[in-house]
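Asker: Could you build the full structure based on these sequences and the hints that come with them?
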Amino acid sequence: MKTRGASFFLQLAFTLIVCAFLIVPVLLSMLAGLTENYLVGIGSGLTLKWVANVWDNYRDTMFLSLGLAVACLACTLVIGVPAAYVLAKRQNMFTRAVEELLVMPVAVPGLATALALIVTYGALRGFRTSWTFILVGHVLFTLPFMVRSVLAVMSAIDLKTLEEGAASLGAGFRQRFFHIVLPNCRSGIVAGSLMVLTLSVGEFNMTWLLHTPLNKTLPVGLADAYASLRLEIGSAYTLVFFIMIVPLLLAMQAIATPRKPRPVRREDETP
Amino acid sequence: MRRDTSLLFLLMLPAAAFFTAFFLLPVVHLALVGASGKDGAAAYSAIVTDANYLRALIATLGISAATTFLTLVISGFAGVFLQRNVFPGRSALVAMLTLPLAFPGVVVGFMVIILAGRQGLIGTISQALTGEKVVFAYSMAGLLMGYVYFSIPRTILTVMATAEKLDPKLEEAARSLGASTLRVVLDVILPGLKPAFISAGAICFATAMGAFGTAFTLATRIDVLPMVIYTEFTLQANIAVAAALSLVLGLVTWAALAVARTAAGSTVAAAG
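Protein chains in written order, with the working numbering: chain G, 2 to 272; chain A, 13 to 284.
Treat the hints as calculated values from the structure; they're not laboratory data.
Everything numeric in this text was worked out from a predicted model, so none of it was measured.
Keep in mind that the hints are not guaranteed to be accurate.
Within a straight-line C-alpha distance of at most 35 Å, the following computed DSBU-like cross-link-like pairs (lysine-lysine) qualify [claimed, not checked]:
1. A:LYS145 / A:LYS181
2. G:LYS90 / A:LYS145
3. G:LYS50 / A:LYS177
4. G:LYS161 / G:LYS90
5. G:LYS161 / A:LYS145
6. A:LYS177 / A:LYS206
7. G:LYS50 / A:LYS206
Answerer: Structure (structure tokens):
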């Protein structure tokens with residue numbers, strides 16, 4: 002091991018500053034949510050009253066967000082995993098175009114997608130005012146992440162040989178799909194699922210236009226609180242959001258190591 | 013074989029139906045609505061003919077370009093450093109740097125307020141040091157800070173993944189041939205990281221173009237395109253203009269991503 006020079010410590014210092022930039026506000030806001038009076042400082046005492054206030058006024062948004070995330074996960078699993086399977090089995094112009102199209106709701110700003118949904122389906126009052134209207138937006142936005150995550154694993158394993166082996170032993174399609182294909186791409190499904198849950202819980206760009214006063218998700222409630230309430234309540238609310246989302250993020254990091262770069266598109270496309 | 017194909021078709025059907033009904037049709041509809049206002053299809057050119065919209069477009073492009081540049085410089089340094097060096101606490105640093113990966117724009121906006129807002133850390137420190145309170149959260153500078161905050165985690169991950177694949181032998185060869193550190197960085201490391209910079213940069217740019225939550229949290233006075241669209245839609249009920257502007261915005265971001273991917277793809281092919 003060579004001794005570390007000045008350049009190492011300069012770079013370390015830089016990296017630490019970047020890290021502080023990202024983490025210090027997170028810690029400060031958590032602290033603010035538990036402080037009696039943030040302006041006075043921690044000396045004013047610690048309290049849970051702001052958290053209790055948020056729980057009383059905004060608990061519906063938390064349950065709606067959790068419910069939406071789970072429903073969104075179910076939808077992306079049911080329609081996304083079979084789609085990924087088709088894209089892995091057939092690699093031609095058509096499936097590449099499909100892959101490209103599926104990613105569009107991520108590339109196009111959520112605001113535009115939400116407006117498109119509103120001008121098209123806004124007149125269906127029952128649908129417009131129900132939580133399923135938000136669900137549609139979330140599924141559009143998260144579906145590509147599920148498809149890509151599963152597809153990456155399916156392309157990495159030798160799906161063809163596995164399936165042929167099973168078929169030669171007499172397994173029908175149903176058996177092959179549920180007993181061979183799905184267990185083998187479990188890691189992709191888990192990674193995709195965590196991604197879908199995290200993105201759905203945090204989605205704001207689309208949800209802000211799709212929501213109705215009776216259907217507020219957590220980020221929508223956050224925007225409300227930031228705009229109109231004192232800093233301590235906004236902080237306490239953010240604290241609740243962190244408690245919901247940080248376990249998901251940590252789980253994602255845990256399964257991502259040892260981290261293999263997830264291919265954005267398959268390498269075999271280049272001639 | 014025939015049975016196989018129809019089976020695959022059936023498996024694709026739910027995704028295809030959902031996507032057609034809730035994305036393709038609505039977007040086509042949006043394009044028609046955009047042309048249905050009192051100015052007709054001219055609504056689409058309003059983004060360059062109307063001074064206000066043009067100013068918002070330029071501001072949005074400018075802040076997106078600045079975000080991309082700053083994020084790439086910061087994440088490039090930190091990412092290569094973290095990939096190259098093993099030291100105690102390294103994995104904790106990586107975990108902290110990627111933690112804000114999925115914070116929504118509203119929360120990022122709040123983080124900016126905590127740092128640079130009226131009761132913010134920077135203001136408190138600057139007041140203690142100089143007696144003057146520095147508050148810039150509610151302006152373009154605050155927005156830029158938020159977008160950089162938002163973009164660092166995902167860019168660092170891409171840079172690290174690419175730096176992992178760089179061949180140390182190339183650097184050794186360059187050094188043994190007498191290249192200075194600066195030359196090694198410029199001629200070996202940066203070209204090796206180019207694909208990561210292009211793809212991560214395109215994502216930074218596209219996210220900054222379409223981001224809405226951060227600007228919304230910071231102030232309604234910040235005139236970036238997403239805020240203008242939102243105002244046209246909700247306050248002015250000017251649906252045709254909002255539709256046209258959001259389609260143009262969507263096209264610009266989508267094109268930025270597509271161009272970057274083609275560029276990154278050809279680099280990969282040339283290298284292979």
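Asker: Take a quick look at whether G:LYS50 and A:LYS177 sit within 35 Å of each other, Cα to Cα.
Answerer: It is violated: about 51 Å lies between the C-alpha atoms, which goes past 35 Å.
Asker: Can the restraint linking A:LYS145 and A:LYS181 be considered satisfied, given a maximum Cα separation of 35 Å?
Answerer: 51 Å, violated
Asker: Would the pair G:LYS50 and A:LYS206 pass a check requiring their Cα atoms to be no farther apart than 35 Å?
Answerer: 50 Å, violated
Asker: Would the pair G:LYS161 and G:LYS90 pass a check requiring their Cα atoms to be no farther apart than 35 Å?
Answerer: With a Cα-Cα distance of about 8 Å, the restraint between G:LYS161 and G:LYS90 holds, given a limit of 35 Å.
Asker: G:LYS161 and A:LYS145 were given as a pair; does the straight-line alpha-carbon distance stay at or below 35 Å?
Answerer: Cα-Cα ~65 Å, so violated.
Asker: So if I understand the rule, the pair passes when the alpha-carbon distance is 35 Å or less; does A:LYS177 with A:LYS206 pass?
Answerer: 12 Å, holds
Asker: Next pair to validate is G:LYS90 with A:LYS145; report whether the Cα-Cα distance is within 35 Å.
Answerer: 61 Å, violated
In the structure shown, a violation is registered for the earlier hints numbered 1, 2, 3, 5 and 7, in ascending order.
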